[in-house]
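Sequence lines, in order, name chains A and B.
For the first sequence, our numbering gives the first residue as 85, with consecutive numbering after it.
For the second sequence, our numbering gives the first residue as 302, with consecutive numbering after it.
Certain hints may be false.
Claimed, not checked - Here are some, though not all, of the chain B residues that point toward chain A, as calculated from beta-carbon distances under 10 Å:
no. : residue
1   : I315
2   : T316
3   : G332
4   : A350
5   : E392
6   : L455
Derived from the structure by calculation, the hints contain no laboratory data.
Cβ coordinates follow ideal geometry from the N, Cα and C atoms, glycine included.
Spelled out, the chains give:
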Amino acid sequence: MAAETDDEPDAPDRAAPTVRRRGAARFGLELSPLLVLCAAMCALGVWLRIHALAFPSEFLFDEHHFVENARNYLSGKPDLNDHPPLGKLLQALSIAALGDHSFAWRLPSLLCGLAAIAIAGLAARRLFESPRAAWIAAAFVTADGFLIGYSRAALLDGYLALCSLLAVLLATTRPSLRYVLLGGLLAGSALSIKFSGVAVFVPLVIGIVTARGFQGRRESSALGLLGTAVVVYLGLYCLGLSLAGQPSSPVAALNETKRLYTHHAALTEMKNALVSGWVSWALPTKPIMIGYVERLGTVRALTSLGNLALWWPGVALALVLCWRVLYRGLRATLRERKPEAAPAANAGPLASFAGLDFSGFLEAHGRAALIVLGGAIGFVAPWAISHRDSYIYHFLPSYVLLLVLLAGFVAREARNTLVVSFLALVLVVLAFYAPVWSMFETSARAVNLRLFLPVWR
Amino acid sequence: MTSFVQRIGRDWLITGGALALSALLLALGGGRAPSKGDRIPVALTIIPADEKNLGCSSSAEVAGLRCAFDGEGKPVAVTHPLRPFVTLGRELVLISNLFELDSVEDFLARARKKRSNERVTLRCQAELLGTLRDFGVHWQAGDPFEKTKSASVLRASECRVEER
Numbered sequence: 085m086a087a088e089t090d091d092e093p094d095a096p097d098r099a100a101p102t103v104r105r106r107g108a109a110r111f112g113l114e115l116s117p118l119l120v121l122c123a124a125m126c127a128l129g130v131w132l133r134i135h136a137l138a139f140p141s142e143f144l145f146d147e148h149h150f151v152e153n154a155r156n157y158l159s160g161k162p163d164l165n166d167h168p169p170l171g172k173l174l175q176a177l178s179i180a181a182l183g184d185h186s187f188a189w190r191l192p193s194l195l196c197g198l199a200a201i202a203i204a205g206l207a208a209r210r211l212f213e214s215p216r217a218a219w220i221a222a223a224f225v226t227a228d229g230f231l232i233g234y235s236r237a238a239l240l241d242g243y244l245a246l247c248s249l250l251a252v253l254l255a256t257t258r259p260s261l262r263y264v265l266l267g268g269l270l271a272g273s274a275l276s277i278k279f280s281g282v283a284v285f286v287p288l289v290i291g292i293v294t295a296r297g298f299q300g301r302r303e304s305s306a307l308g309l310l311g312t313a314v315v316v317y318l319g320l321y322c323l324g325l326s327l328a329g330q331p332s333s334p335v336a337a338l339n340e341t342k343r344l345y346t347h348h349a350a351l352t353e354m355k356n357a358l359v360s361g362w363v364s365w366a367l368p369t370k371p372i373m374i375g376y377v378e379r380l381g382t383v384r385a386l387t388s389l390g391n392l393a394l395w396w397p398g399v400a401l402a403l404v405l406c407w408r409v410l411y412r413g414l415r416a417t418l419r420e421r422k423p424e425a426a427p428a429a430n431a432g433p434l435a436s437f438a439g440l441d442f443s444g445f446l447e448a449h450g451r452a453a454l455i456v457l458g459g460a461i462g463f464v465a466p467w468a469i470s471h472r473d474s475y476i477y478h479f480l481p482s483y484v485l486l487l488v489l490l491a492g493f494v495a496r497e498a499r500n501t502l503v504v505s506f507l508a509l510v511l512v513v514l515a516f517y518a519p520v521w522s523m524f525e526t527s528a529r530a531v532n533l534r535l536f537l538p539v540w541r
Numbered sequence: 302m303t304s305f306v307q308r309i310g311r312d313w314l315i316t317g318g319a320l321a322l323s324a325l326l327l328a329l330g331g332g333r334a335p336s337k338g339d340r341i342p343v344a345l346t347i348i349p350a351d352e353k354n355l356g357c358s359s360s361a362e363v364a365g366l367r368c369a370f371d372g373e374g375k376p377v378a379v380t381h382p383l384r385p386f387v388t389l390g391r392e393l394v395l396i397s398n399l400f401e402l403d404s405v406e407d408f409l410a411r412a413r414k415k416r417s418n419e420r421v422t423l424r425c426q427a428e429l430l431g432t433l434r435d436f437g438v439h440w441q442a443g444d445p446f447e448k449t450k451s452a453s454v455l456r457a458s459e460c461r462v463e464e465r
C-alpha cells in the first residue's frame, strides 16, 4: 500500500534541497541534529514501551474488562464486555500462544504501539512528500506518553489509534479495487474493536472524494468500501459469537450489535469520576492513571498524560488549521498551488503567527491536512454530537493524527534551529516524564512533580 | 564563546545539550529505591489483638532483630520481636517495636479499657534495616507458620494512629 506512488505530490518540502537525493539520503538518513534527535526519541520511546511491560502482574485500570473476556473466548464462554469482539480476540490469540500472564495480555497493545510508529512515519512521508516529516512523525508518536501508556496496557484504544493511522495512510493512495478492499477490511476491523472505529471511514472517504485525476466512480468506490466493511464486521462478530459458544449467524451478530448500541446510547450520565467532556481534552483535565503501585517508599506509576510539548502545539495547530479551512473554504483548500507562491494580499486572520505560515502550509498540503483533520474530527465527533459518557482515551485515535499533522507542519519550517530546538524540548520532556510513562521505581514526590495539576493525579 | 558555537554549530550544540539533559533526567530524575538505613513512610492497619497473634519464625537476625520463634517454630526470648504486617499497598513487612511506641501503646490501652477490637490505620516513619529471607509467618497465635520467601525488615518510629 505504501509502495503505491501514483498520487501527484502535493508540494516539495520547503526546507529540502531541490536536487534529487540518492541512497540513504533519499530517506533523510544524512547525519544531522534533526536525525539524531529523532533517533534518540525513537530509541527512548520504544524502550519505555517495552521496559517492565509485564509489571504489574495484576490488572491495570480497565484491563479486567478485556482480559477476562479474552479468557472467556478461550473457554467457550460468552463475552460480557460491551464492545465488539476483535480487541479481545487479539488478546485471546496472544494468551493462547504465550500463556495467561500479564505480558501476553499486553503484547497486542505493544505490537500495535510499535506498528503505529512505523505507520505514522510512512503516512507522513506520503502525506507531506517529505522524509523529514516521516522522521519527525515517527519521533513524535514514539515520544508521547499518551501513546506509550496505551502501548503498555491491555486496553483497546491503542488498536484504534493504529487503525486511524492506517486509514490515513491508505487515503494517500489512489482509489482502486485494492483501496476499497483494504479500506473495507480496515473499517470493518476498527468497528469490531469499538463502535467509535466507524470514524476511519472519514479519511477513507475523503481520500476517494478528493483524489486528483481519479477516473473511477467515487460513489461506487465509497459504497464498495461500506459493503466490504459490513462483511468484515459481521464476519468478525460471527467468529467471536461462535468461539463464545453462542448462536453465530449474521442475524445474531446484528442483534448483538443492536443490543450493544442500545446499551451505549443509554450511558449518558457523566457521573464516573474519570469522565471528561471532549472540549476538556485540549488541556487535558482528566488524564487517566492507568497504573499506580505503591511499595515501601516507592511508587510505580503509569499515566496517560501526553507529552505536553506535543499536546498543546498539536491541538493548537489543529484548531488554527480548522479555522483556516473554514475561512478559505474546502475548494480553495484543495486547489493546487505552487508552494513558493507569494501569500495572497488578503490572506485573512491567522494566516501566519510568529513566522509560522499556516496559510502556506494549507496551500502546499491542503488535501493532506483535510485527510488528517477529517480523521481526527471523525474520532471526536461521536462524543461531540452525543451526550455519551466520554473519557480521555476516546481522544487517542484523533490525537495520534494530530501528531502526524504537527510533524508535517514542523518539517516544512525553514528555520532549522527552531525545528531542532522544538525537537530538543520534546526529547527533554520525554526524558523528564519517563518514570511515569514506564512504571519506573520512583517516589510519590517525583510523580506529583510531573503530574503538577492535582486533577492529573 | 561565539567562535565555539560557530565551530560546533548552534544546532549541534542544542542537540548535545538536549541529549545530555535527557540522560541526566533519566539517570537522576526519577528518584531511587530506598536502601538500608533510609527512613520511609509506612501505612498499615492493625487491631488490638494483633499484639498477641502476629508472629514470625526464623533463626536469622537482621540488624540484631529477630522473630519470636526460631526456624523450627519454637519460642525464643526476644524483647522487641519482629512481627509481620501487610501495608496498605498489600506488601508484607516485618516490623519490630511497633506495639511499644507511645502512640500505639496509648491506643492499645484505650482499646483494652473499652474492650474494643476496632481496626485502626497507622501511618508511621520507619527505618529500613534489611531483608529477611525464607521465614514463616502466622496471623493467629498457635497457628502453623506459612512459608514466605522474603520481606523488608523495619524499625518503626513516630506512628500516627487514625481511629475512625
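Now for the hints, and whether the structure bears them out:
1. I315: 5 Å, holds
2. T316: Hint on T316/B: holds, closest Cβ of chain A at ~4 Å, below 10 Å.
3. G332: Cβ of G332/B sits 4 Å from chain A, so the hint holds.
4. A350: Because about 25 Å separates A350/B from the closest Cβ in chain A, which is outside the 10 Å limit, the hint is violated.
5. E392: With a minimum Cβ separation of about 6 Å from chain A (threshold 10 Å), the hint on E392/B holds.
6. L455: 8 Å, holds
Checked against the numbered hints listed earlier, the structure breaks hint 4 alone; every other hint is satisfied.
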